[in-house]
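S.K.: So the chains spell out like this:
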Amino acid sequence: MTAASAGAAAPYLRIERLNKLFGSFAALKDISLEIAQGEFVCFLGPSGCGKTTLLRAIAGLDVQTSGRIFQGGKEISALPASQRDFGIVFQSYALFPNLTVAANVGYGLVSRGLRRVEIATRVGDLLRLVGLPEEGRKYPAQLSGGQQQRVALARALALSPGLLLLDEPLSALDARVRAHLRVEIRRLHQRIGVTTIMVTHDQEEALTMADRIVVMNQGVIEQVGTPTEIYRKPASAFVADFVGTTNFLPAVVAGPGHVRFGGINLACELDLHFGPGHDVTLAIRPEDVVVRNIGPATPNTFNARVAEVEFLGSFCRVGLAVDGGEPALLADFSINAVRDLAIAEGKVMPVALPPDRLRVFPRAPQTP
Amino acid sequence: MTAAAAPSAATPSAAAPAVTRRRLDRDDVLMRIGICLLIAWLAFTLALPLWALLSKSFQNQDGEFVGLANYIQYFSTPALSVSIWNSLYVSLLSTAIVLPLAFVYAYALTRSCMRWKGLFQALALIPILAPSLLPAISLIYLFGNQGFLKDLLLGGTIYGALGIVISQVFYCFPHALIILVAALSMADARLYEAADALGASKRRIFFTVTLPGAKYGVIGAGFVVFTLVITDFGIAKVIGGRFNVLATDIYKQVVGQQNFEMGAVVGLILLIPAVMAFAADRIVQRRQVALLSARAVPLEPKPDPRRDWALFAFCAVVGGIIFGILAMSGWASLITRWPYNLALTLNNYVFGNFDTHGWDAYWNSVVMAAWSAVLGTAIVFLGAYLLEKSRGFAAARALAQLLAMLPLAVPGLVLGLAYIFFFNAPWNPLGFLYATLAILVINSITHFYTVSHLTATTALKQMDPEFEAVSASLKVSLFRTLARVTVPVCLPAILDVSIYLFVNAMTTVSAVIFLYSPDTKLASISIINMDESGFTAVAAAFAMTIVMTSAAVKIAHVLLTRRLERLTQAWRRR
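Quick note, the sequences are listed as chains A and B, same order.
Numbering-wise (the numbering used here), the first sequence opens with residue 1 and increments by one.
Numbering-wise (the numbering used here), the second sequence opens with residue 1 and increments by one.
If you're looking for bench data, these hints aren't it; they were derived computationally from the structure.
Treat the hints loosely; a few may be bogus.
[Said to hold, decoys possible] To list a few chain B residues with every Cβ distance to chain A over 12 Å, as calculated: (1) 76; (2) 84; (3) 474.
[To be verified] For lysine-lysine, the following BS3-like pairs were computed, each having C-alpha atoms within a straight-line distance of at most 30 Å: (4) 461(B) x 138(A); (5) 117(B) x 554(B); (6) 461(B) x 215(B); (7) 74(A) x 475(B); (8) 475(B) x 389(B); (9) 215(B) x 117(B); (10) 475(B) x 138(A); (11) 29(A) x 389(B); (12) 302(B) x 117(B); (13) 202(B) x 117(B); (14) 138(A) x 74(A); (15) 138(A) x 202(B); (16) 389(B) x 74(A); (17) 202(B) x 215(B).
Bear in mind that the values here come from a model prediction, so they are computed numbers and not experimental data.
Heads up, the beta-carbon is just placed ideally off N, CA and C, and yes, glycines get one too.
All chains should be modelled from the sequences, with the hints used to inform the complete structure.
M.R.: Here it is in structure tokens:
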């Protein structure tokens with residue numbers, strides 16, 4: 001849906017076949033991507049996946065080895081950072097320690113040749129925008145980490161850039177501040193509507209903040225999609241594993257729309273290119289394992305033994321063993337279900353894996 | 001061939017895409033020009049003079065190429081080549097004495113609860129403010145032909161290896177101490193707690209935790225002391241007597257016999273141990289990994305009266321000797337006529353009575369040191385900034401970096417000699433610099449370039465690397481950020497560099513001994529001249545003026561730094 005809307009208007013940012021080599025190591029491999037005006041996009045991936053490299057290429061801080069970048073219809077592929085249109089916030093904040101908060105925020109305005117009064121007004125507006133109207137005279141070291149990050153944000157927005165780049169902006173903060181700032185940045189984005197790219201390795205951050213998520217791994221894009229798409233329909237075993245918790249079950253294609261997992265025959269949505277006898281990996285999220293309302297007509301039902309129960313507050317994570325073996329499947333059951341069905345270690349009960357929740361991936365060596 | 005090319009033309013996607021080259025902005029261009037200027041500066045002040053020295057050693061007096069003839073002559077003259085062993089002997093012996101002394105002293109300063117640590121630290125650092133000649137002069141007063149403790153030598157003589165080694169120990173002690181204090185202050189209390197909890201004895205903890213932790217400091221200090229001793233000229237000149245070392249040989253060949261070619265040979269031979277020590281130190285230090293993680297807990301020494309008082313006694317003895325040697329020169333400079341008339345007088349400070357130029361030499365020293373400090377700091381800091389913060393241009397940056405590290409391996413005497421060959425060459429349009437104060441300033445900046453460069457680089461590395469990225473995104477020139485942020489934040493390091501340059505330019509002898517003219521004579525040179533003319537008390541007086549000037553500047557530096565810290569406390573607080 002977002003892809004369609006991005007395609008309708010000309011994209012604000014277009015990346016074409018970007019490659020980046022560090023010596024012989026390819027940090028980015030043939031990356032193409034389009035980002036619409038006003039979108040909030042997260043680059044998500046483990047460290048070393050190339051997400052920061054991509055961000056720095058977009059900013060012109062570390063230019064790509066090959067490939068082209070267009071911003072607002074203009075090619076910027078080879079422009080130095082100083083001639084591109086962006087504001088940036090780093091994980092380290094990179095606030096100038098010897099300048100006051102106001103001087104930091106107004107740093108770019110001064111060289112614009114604005115009058116002192118105009119600068120003061122603009123700085124005041126920006127500090128109000130990030131919720132720090134009173135702190136202009138303090139030095140960065142006198143502020144908390146969260147406050148410093150907001151100052152960095154105000155400074156990045158001072159020149160009203162067309163593109164806001166956030167490089168792991170929340171990683172250095174503690175959990176509570178992080179959760180709070182997540183909401184604030186999101187609100188700020190909705191208010192001013194600046195096209196924003198945020199790099200993060202934190203899936204929760206990406207899922208809660210982004211319009212679209214770009215999941216990256218080893219220099220390639222694994223999947224682009226809305227948070228729901230990424231979570232519900234991961235395009236690869238890597239995405240399924242990296243975002244959220246997923247069970248991976250080794251299986252073999254039995255026929256059209258059917259696979260065999262151990263001795264169990266399971267119905268699922270199967271791509272055409274998997275022929276019978278093909279090794280595949282089934283993926284299902286723990287919360288998608290069904291334990292209530294299982295009738296004779298419920299597909300993909302089998303008996304499992306509760307091998308272990310881990311109490312996690314609002315729900316229990318249950319390790320299920322199939323065919324009397326080791327626990328092979330994790331399932332999240334609500335406290336209600338655990339109570340109603342008297343789920344406890346050793347209990348044998350029917351569970352179901354809904355066919356529309358099962359994802360099938362080719363058996364790759366790195367999947368468990 | 002056409003057939004082979006056809007398929008790739010048919011599938012253009014398979015062809016390697018065009019490489020993107022970032023366009024340069026104004027800052028990039030300016031920085032690259034700056035780096036080229038830096039390379040040119042280091043080439044003219046360092047690389048080309050050294051090249052001139054090297055080629056001179058392969059020429060005869062008429063400037064014809066004679067291959068290794070000079071070297072063959074050198075090694076077939078025992079009177080000359082014996083100096084190699086003499087130099088190695090005093091250098092190794094001095095190092096072997098300084099290291100344990102400085103280690104225990106540093107241990108007392110960092111790991112004990114001994115009293116008066118500040119006093120002991122200040123006392124031990126005094127020799128840095130003095131020219132290396134000062135301890136030699138003091139020793140002459142104490143143990144020389146008319147020394148009042150001469151009998152302690154039981155008929156031996158202080159002129160020779162003994163005097164050289166004692167003087168070198170005094171002179172090198174603070175250099176080793178600074179490195180060892182730094183090494184010993186970096187300790188993780190958790191390691192000691194773990195060792196304690198495992199029931200290790202104090203002795204075992206010392207050998208398994210303390211010593212390994214300071215290993216690289218000890219090795220580094222060893223190389224520094226060895227290099228200082230083998231390249232020092234002043235001490236051997238004043239107290240060496242007939243004990244020849246490489247440094248004095250160069251001087252004798254060049255100044256005494258006007259045999260520049262042989263001087264060049266000895267200079268290159270002196271370069272070898274210095275370069276080897278430098279290279280070995282680099283290799284060893286590269287293997288050092290950061291012992292202190294961000295989570296390390298600083299070690300707070302606990303009181304232990306027996307240990308603390310033993311270390312106190314040790315420091316009192318060592319500090320007392322240092323003070324005694326310094327005081328001896330001070331006292332000697334105030335005595336009317338040693339040893340016959342011990343009445344105090346300021347006559348020795350009326351330099352006009354002994355030298356027609358009077359106090360000129362002193363003021364030349366001050367002016368030269370001030371210029372070296374101001375100009376040197378500007379060049380060093382800007383150079384370090386360009387190398388640290390510019391992007392791309394890798395080959396030129398690597399070359400500049402190499403040139404910036406080189407001076408540490410070049411003894412002052414060798415650099416001075418190289419300057420004669422380069423700046424005094426008839427073909428050199430820069431010849432107008434010869435025999436001016438300017439060449440002394442250039443020589444001092446170059447001689448002390450590396451340590452200054454490393455200090456500046458360390459300070460710059462501690463800055464957030466993203467400041468420049470932020471400036472670019474805000475469309476602010478890097479040079480504006482340099483002025484508004486980088487320089488203010490690095491001000492303490494900048495002050496350190498300038499003081500280092502000032503004090504070293506003030507005290508150096510070896511680098512400038514070949515380069516002064518009657519109009520640009522320096523105080524440190526006057527010490528040698530006065531000592532040669534038999535006016536030892538005047539030499540002592542000159543030495544004291546240098547010590548007091550350096551000390552005054554150093555005290556001003558400490559006060560200024562403190563004031564700066566107070567003024568900038570608001571933004572330095574963490």
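S.K.: May I ask which of the numbered hints given earlier this structure violates, with the numbers listed in increasing order?
M.R.: 3, 14 and 15
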